[in-house]
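S.K.: Those protein sequences? They're chains A and B, same order as listed.
Going by my numbering, the first residue of the first sequence is number 1, and it counts up by one from there.
Going by my numbering, the first residue of the second sequence is number 1, and it counts up by one from there.
Do not rely on the hints blindly, as some may be mistaken.
Said to hold, decoys possible - Each computed DMTMM-like pair below joins lysine to aspartate or glutamate, with the alpha-carbon atoms no more than 25 Å apart:
1) A:LYS388 to B:ASP79
2) A:LYS388 to A:ASP367
3) A:LYS388 to B:GLU93
4) A:LYS167 to B:ASP108
5) A:LYS336 to A:GLU293
6) A:LYS167 to A:ASP111
7) B:LYS120 to A:GLU389
8) A:LYS388 to B:ASP100
9) B:LYS120 to A:ASP205
10) A:LYS233 to A:GLU268
11) A:LYS336 to A:GLU400
12) A:LYS388 to B:GLU123
13) A:LYS167 to A:GLU227
14) A:LYS388 to B:GLU54
15) B:LYS107 to B:ASP79
16) B:LYS107 to B:GLU93
17) B:LYS120 to A:ASP193
18) B:LYS107 to B:ASP138
19) A:LYS233 to B:ASP138
20) A:LYS336 to A:ASP50
21) A:LYS388 to B:GLU71
22) A:LYS388 to B:GLU139
23) A:LYS233 to B:GLU99
24) B:LYS107 to B:GLU63
25) B:LYS120 to B:GLU93
Hints listed in this document are in silico derivations from the structure and should not be mistaken for laboratory results.
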Amino acid sequence: MPEGEFWNPEVELLSGEEIRSLQLRRLRAVLERCGNSPFYREWFREAGFDPARVSSLDDLRALPFMDKETLRGGDPRRFLTVPLEEVVRLHSSSGTTGQATVVFHTARDIDAWTELVARCMYMTGVRRSDVFQNMMGYGLFTGGLGFHYAAERIGALVIPAGSGNSKRQIQLMRDFGTTVIHVIPSYALYLLDVFRELGLDPRRDTSLRIAFIGAEPHTESLRRRLEEAYGIKAYNSYGLSEMSGPGVAFECPFQEGMHVGEDSFILEAIDPEPLEPAPAAEGGERARTLHREGMPLLRYRTHDLARVFPEPCRCGRAHRRISRIKGRTDDMFIVKGVNVFPMQVERVLLGILGVGSNYRIVLETVDNRDEMRVQVEVSGDLWHGEVKELSQLRRRIAQELRNEILVTPVVELVEPGSLPAGEGKAVRVVDMRDHARGE
Amino acid sequence: MIVAHQVNVFARNQPGRLERLTQVLMEENVNIRAITIAGADDFGVVKLLVDDPERAYQALRREGFSAYLKEVIAVIMDDRPGGLHRVCRALGERGVNIEDAYGFVVKDRSTAVLVVEVEKIPEAEEVLREGGFALMSDEELYSL
Numbered sequence: 001m002p003e004g005e006f007w008n009p010e011v012e013l014l015s016g017e018e019i020r021s022l023q024l025r026r027l028r029a030v031l032e033r034c035g036n037s038p039f040y041r042e043w044f045r046e047a048g049f050d051p052a053r054v055s056s057l058d059d060l061r062a063l064p065f066m067d068k069e070t071l072r073g074g075d076p077r078r079f080l081t082v083p084l085e086e087v088v089r090l091h092s093s094s095g096t097t098g099q100a101t102v103v104f105h106t107a108r109d110i111d112a113w114t115e116l117v118a119r120c121m122y123m124t125g126v127r128r129s130d131v132f133q134n135m136m137g138y139g140l141f142t143g144g145l146g147f148h149y150a151a152e153r154i155g156a157l158v159i160p161a162g163s164g165n166s167k168r169q170i171q172l173m174r175d176f177g178t179t180v181i182h183v184i185p186s187y188a189l190y191l192l193d194v195f196r197e198l199g200l201d202p203r204r205d206t207s208l209r210i211a212f213i214g215a216e217p218h219t220e221s222l223r224r225r226l227e228e229a230y231g232i233k234a235y236n237s238y239g240l241s242e243m244s245g246p247g248v249a250f251e252c253p254f255q256e257g258m259h260v261g262e263d264s265f266i267l268e269a270i271d272p273e274p275l276e277p278a279p280a281a282e283g284g285e286r287a288r289t290l291h292r293e294g295m296p297l298l299r300y301r302t303h304d305l306a307r308v309f310p311e312p313c314r315c316g317r318a319h320r321r322i323s324r325i326k327g328r329t330d331d332m333f334i335v336k337g338v339n340v341f342p343m344q345v346e347r348v349l350l351g352i353l354g355v356g357s358n359y360r361i362v363l364e365t366v367d368n369r370d371e372m373r374v375q376v377e378v379s380g381d382l383w384h385g386e387v388k389e390l391s392q393l394r395r396r397i398a399q400e401l402r403n404e405i406l407v408t409p410v411v412e413l414v415e416p417g418s419l420p421a422g423e424g425k426a427v428r429v430v431d432m433r434d435h436a437r438g439e
Numbered sequence: 001m002i003v004a005h006q007v008n009v010f011a012r013n014q015p016g017r018l019e020r021l022t023q024v025l026m027e028e029n030v031n032i033r034a035i036t037i038a039g040a041d042d043f044g045v046v047k048l049l050v051d052d053p054e055r056a057y058q059a060l061r062r063e064g065f066s067a068y069l070k071e072v073i074a075v076i077m078d079d080r081p082g083g084l085h086r087v088c089r090a091l092g093e094r095g096v097n098i099e100d101a102y103g104f105v106v107k108d109r110s111t112a113v114l115v116v117e118v119e120k121i122p123e124a125e126e127v128l129r130e131g132g133f134a135l136m137s138d139e140e141l142y143s144l
């Protein structure tokens, strides 16, 4: 068991250059294995890509990007580079609309992932003497099991509490002296009310010192509020089920960005521009897993918007950091808990309005709830001068969108030219919800 | 021509929209005879009777407005109690539905004009003629 500040100093203290050379070594091994996968064989052939000739990380740029859509197309087993009997577990993303994406793990994949998350938790100060209460859902969702195994690997006492049942959560914390929790930030906020109802103060009446908050976007101010109210340090992290789950990027004690586990992922930023306030900025981060053997991903586009901090961190790790996720490029967004792709909206509008109609999706927080507004330009060519025509059009758009995306939007008809032009990098989705605005 | 045109313009129900619209018409030297707005929540349709509908329409389209040349007919009524009622009765009895209408009094103070939007213009025209109403030609209407 490590005793010092680092779980795995050999990996954590690699220099930037050493990281790059490790990445290349591992990448070549991954590429070789990809030859076993029907998907990758075809993918390489179509791109005219010869994996045997890769001699630098940049060579990989000859490959097109993959994303969720790629994973959705067809049988997920075609991505496998090992026989199915080598697979010991699968996880699946919430496929509320469309097909769920499935990721297969071999025993070694689970082991590598566990090691990665353990390293992250250890980095924030979790030790074998800690009591870790995992208040996340277990199951297909990767957040629960990912942290569970990692905390056991560290040797902490794990309470697999799962989500919900607030009073019991608090009871467990008090009975077993919980020091570390893993919790959805909005639930942590809600739990404060339950503490109050019970006449308890988490600062005084629990031994909590660390919280991992994640699985939903949250603002810096919410984090600070939780830290203050619980008397803890709350750490942000980033992960996605396609890249195993939690552990892709994780904050160190300095809380100045999340370190990407660059021994396991190659970070590729699409647009190096700072992405800060302008929801207009297109950018994002793409990565590929390096030592997943069962189902590796190459140039997987996450569509999450973040800034990369290339400078070294005060903690001594050269693994580059990324900012809090500022939103997503306009591919997928989550509204009222439902995954929505702008393409779905576009398809519906195209069917009703014909080609060339300009639209915009605006997401807002109204009374603490998500609201989705769809603004549609009424061009002179599709309108015949009648008021009732417009009312009918609006009703029809709302109805057909609800059928397609399962969320009822507010439809706004707007004048031609009043929305940003719908070409090139046009912003089709503007997320003005509290969590997206950040602070 | 008995069938005249008014310009219908889609507009957001927002401060400044009418100002912009009327500015375009002013710059195009278009004179407005009558204006009415049909509102529906957050948007409305501005209906303009002008001296040169085609020019107004082109200018508004050029400036990015969603404009439409809408066919209307103008009925001449006596400017006295019951004038409008008689027109409406004639149309109603024959099942012609008025989609929208507005009226105004002409300068001489003895006649009033009712501009109506109906679905089936030829039918409305026939009904009104049979009812003994005079219809105003488009040229007369534009040059009021």
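S.K.: Take the hints in turn and mark each one as holding or not.
M.R.: Verification of the supplied hints:
no., hint, in the structure
1, A:LYS388 to B:ASP79, "violated, 31 Å"
2, A:LYS388 to A:ASP367, "violated, 31 Å"
3, A:LYS388 to B:GLU93, "holds, 24 Å"
4, A:LYS167 to B:ASP108, "violated, 83 Å"
5, A:LYS336 to A:GLU293, "violated, 35 Å"
6, A:LYS167 to A:ASP111, "violated, 34 Å"
7, B:LYS120 to A:GLU389, "holds, 16 Å"
8, A:LYS388 to B:ASP100, "holds, 11 Å"
9, B:LYS120 to A:ASP205, "violated, 78 Å"
10, A:LYS233 to A:GLU268, "violated, 30 Å"
11, A:LYS336 to A:GLU400, "holds, 18 Å"
12, A:LYS388 to B:GLU123, "holds, 21 Å"
13, A:LYS167 to A:GLU227, "holds, 20 Å"
14, A:LYS388 to B:GLU54, "holds, 24 Å"
15, B:LYS107 to B:ASP79, "holds, 11 Å"
16, B:LYS107 to B:GLU93, "violated, 31 Å"
17, B:LYS120 to A:ASP193, "violated, 65 Å"
18, B:LYS107 to B:ASP138, "holds, 17 Å"
19, A:LYS233 to B:ASP138, "violated, 78 Å"
20, A:LYS336 to A:ASP50, "violated, 44 Å"
21, A:LYS388 to B:GLU71, "holds, 16 Å"
22, A:LYS388 to B:GLU139, "violated, 29 Å"
23, A:LYS233 to B:GLU99, "violated, 66 Å"
24, B:LYS107 to B:GLU63, "violated, 33 Å"
25, B:LYS120 to B:GLU93, "holds, 15 Å"
In this structure, the hints that do not hold are numbers 1, 2, 4, 5, 6, 9, 10, 16, 17, 19, 20, 22, 23 and 24, in rising order.
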